[in-house]
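Residue numbers (the working numbering), protein chains in the order written: chain H, 1 to 376; chain B, 1 to 376.
Since the hints were derived computationally from the structure, they do not count as laboratory data.
Certain hints may be false.
Intra- or inter-copy, both count: the list cannot distinguish identical chains.
[Unchecked claim] Quick list of in silico lysine-lysine cross-link-like pairs, DSSO-like style, CA-CA up to 30 Å:
1. Lys119 - Lys31
2. Lys328 - Lys356
3. Lys147 - Lys223
4. Lys231 - Lys2
5. Lys86 - Lys375
6. Lys86 - Lys38
7. Lys223 - Lys2
8. Lys328 - Lys224
9. Lys119 - Lys108
10. Lys119 - Lys38
11. Lys108 - Lys2
12. Lys31 - Lys2
13. Lys227 - Lys2
14. Lys2 - Lys205
2 protein chains.
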Amino acid sequence: MKQRLFTPGPTPLPEEVRLGQAREIVHHRGKEFAEIFKEVRQGLRYVFQTEEEVFVFTASGTGAMEAAVANLLSSEDRVLVIKGGKFGERWAEIATAFGVQVIPLDVKWGSAPDPGLIKKKLTAHPEIKGVFTQLVETSTGAVYDIKAIAEAVRPTEAILVVDAISGLGAQFLPTNEWGIDVVIGGSQKALMIPPGLAFVTLSPKAWSLVENSYTPRYYWDFKKVRKALDKNQTPYTPAISLICALRESLSLIKKEGWENVLARHARLAEATRRAALALGLKIFTKVPSNVLTAIEVPPGINANELRTIMRDGYGVQVAGGQEELRGKIIRIAHLGWMDRSDMVAAIFSLEMSLSKLGYPVTLGKGVAAAEEILKE
Amino acid sequence: MKQRLFTPGPTPLPEEVRLGQAREIVHHRGKEFAEIFKEVRQGLRYVFQTEEEVFVFTASGTGAMEAAVANLLSSEDRVLVIKGGKFGERWAEIATAFGVQVIPLDVKWGSAPDPGLIKKKLTAHPEIKGVFTQLVETSTGAVYDIKAIAEAVRPTEAILVVDAISGLGAQFLPTNEWGIDVVIGGSQKALMIPPGLAFVTLSPKAWSLVENSYTPRYYWDFKKVRKALDKNQTPYTPAISLICALRESLSLIKKEGWENVLARHARLAEATRRAALALGLKIFTKVPSNVLTAIEVPPGINANELRTIMRDGYGVQVAGGQEELRGKIIRIAHLGWMDRSDMVAAIFSLEMSLSKLGYPVTLGKGVAAAEEILKE
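The task is simple: from the sequences and hints, build the whole structure.
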């Protein structure tokens, strides 16, 4: 059966990306790659909205999160971690693994942290080296108010480190303008390429922490990456075919325009939420993002059965809930290489599958609600 | 101009691999990927010649080297590092970055370490936790006698850690049979896929070191990888498209047969050496491997000019010397997706380019010498 991915990573690949990957390989120290890499660096600065360099690591997104901890902190340092889902917990786990003391700011899953509370914590603990947060908490679909958080952090000694792995390119995040110190991105989300690359960009304030950190590191060493960039290279052999694919996707994003890409995500998200509401479903997330829509599975319906019917009956693959949300929500991503017809297909499959499971559905009602948003 | 890569990584890609990468992406927690990953795990055990699991990291080869150090050792531990080239030095650098004390065994570049000396060092320093070596030192093309080294290490408390990144699949290395504790591999060499995956396999003896190491780690954590394998998964989103490509290349290797793949490498290597000698050139390496042939650039010839003519005049890309060998050697790889016609093209371009630079060449003499080896 024809399958469509509506998971919050990996996301579908444009043909240019698939074929960009499939080209005969070029050498990472040769002229041709140098041209490609130069273009990619420029394109990444555009997507990150920064004038600083964006570092490219051959790794999963988690690797870049570890790189941030290993370069910015030392054991016994204290950090404030926003814990509002699985990926906030990952920040805490990584920091703890490196001997860093975690002060958690627990946020109800699906909600966003209160910037005022972050300010309070920073005042109470002036020794805090950094605030570690998500832009979008992928496990719940919540988007955090990074602008307000940045304003709370900026006047302090602490830096702000934002895991924007799922949100980058889907959610408004002007790194320079908002004065965010560290932003981390991943490849298999709105950047529309397969997983395998992760990105980090740093402010001068963040660099001063790098200078003082004594955590052991080699592969993740930011200074090595920066030095290699002087020669327009990476310190170690990079995932060449993924970088070739990235050139293609960055060129697509540039052609569409960053603001338009964000607007497309916002509109598809809005249409999906309206459809769910029209079907009498509840949106789980209090502050829903443009990345995915987390929908509560109605009483009497089994989440796994629902996802199985959507996949095997209609070729629509959506994500389930993770950890404490297992069985309670489904997550429909509208992320990356997605258009209106894709979302209509997803909503159609949701209507049909719910109906099949005995949930009372007026067929077409979800799609109709979505169309109201999609028609403009 | 039609370009051909004769570099010791990346290496050319079979069409099956290129197209395997270009497929529409599948989800890493889905049924389809589970099938693929199962097949890949089996294929890796075949290429590594081991019954243990082979761990797959989304990283450059250097990442897996760091993973070995971070999981096996703790700061203040002592290790013996075989330093016979750039990659031996990398072992020492990584170990030092993690606070590990390095006892170097310096080997003249191009030569192999004396297993007797390793035995002596281990006797003199019974506190040594591990011997860190290469199978093939890619910077010189030298292949080390891992069988004899393993025999020297086995009776001691130390483990043997072999960086086989360039040698895996090109050089005889029966991991289980020889009792090697840790073997590390890379994707962009004889495995014929693009860079971006790195591999590690561990013996039970090595696992006992993992249990005792307290080095901070998260992304590289072997225990997390082992636990995820129980569910036939990786702990973090892997480089899915590269794993799909790997399934294709492993299937090609299986079809050809591991022994035949090695024999092909050996024969192409022998033909390349014979050609160089027939042209009056000197082989730099005392113990040449099947991975690459390092040829001394004759007096009066500029190595960069030679490589430039080979590339721009004949579309043949070979590697130069690294660090202390810069300008002194060229390295012609016969690694991965290579056949006899490829090597004849490389030798042809070498003859023509040397001749153009004024080096006395009887045209066809190198090719003729190669053909003597290739005709059987």
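Each hint, compared with the structure:
no. : hint            : in the structure
1   : Lys119 - Lys31  : neither (49 Å within a copy, 45 Å between copies)
2   : Lys328 - Lys356 : within (19 Å within a copy, 73 Å between copies)
3   : Lys147 - Lys223 : within (28 Å within a copy, 38 Å between copies)
4   : Lys231 - Lys2   : between (45 Å within a copy, 26 Å between copies)
5   : Lys86 - Lys375  : neither (35 Å within a copy, 61 Å between copies)
6   : Lys86 - Lys38   : between (35 Å within a copy, 27 Å between copies)
7   : Lys223 - Lys2   : neither (46 Å within a copy, 37 Å between copies)
8   : Lys328 - Lys224 : between (44 Å within a copy, 26 Å between copies)
9   : Lys119 - Lys108 : within (18 Å within a copy, 59 Å between copies)
10  : Lys119 - Lys38  : neither (39 Å within a copy, 49 Å between copies)
11  : Lys108 - Lys2   : neither (37 Å within a copy, 59 Å between copies)
12  : Lys31 - Lys2    : between (40 Å within a copy, 15 Å between copies)
13  : Lys227 - Lys2   : neither (46 Å within a copy, 32 Å between copies)
14  : Lys2 - Lys205   : neither (49 Å within a copy, 47 Å between copies)
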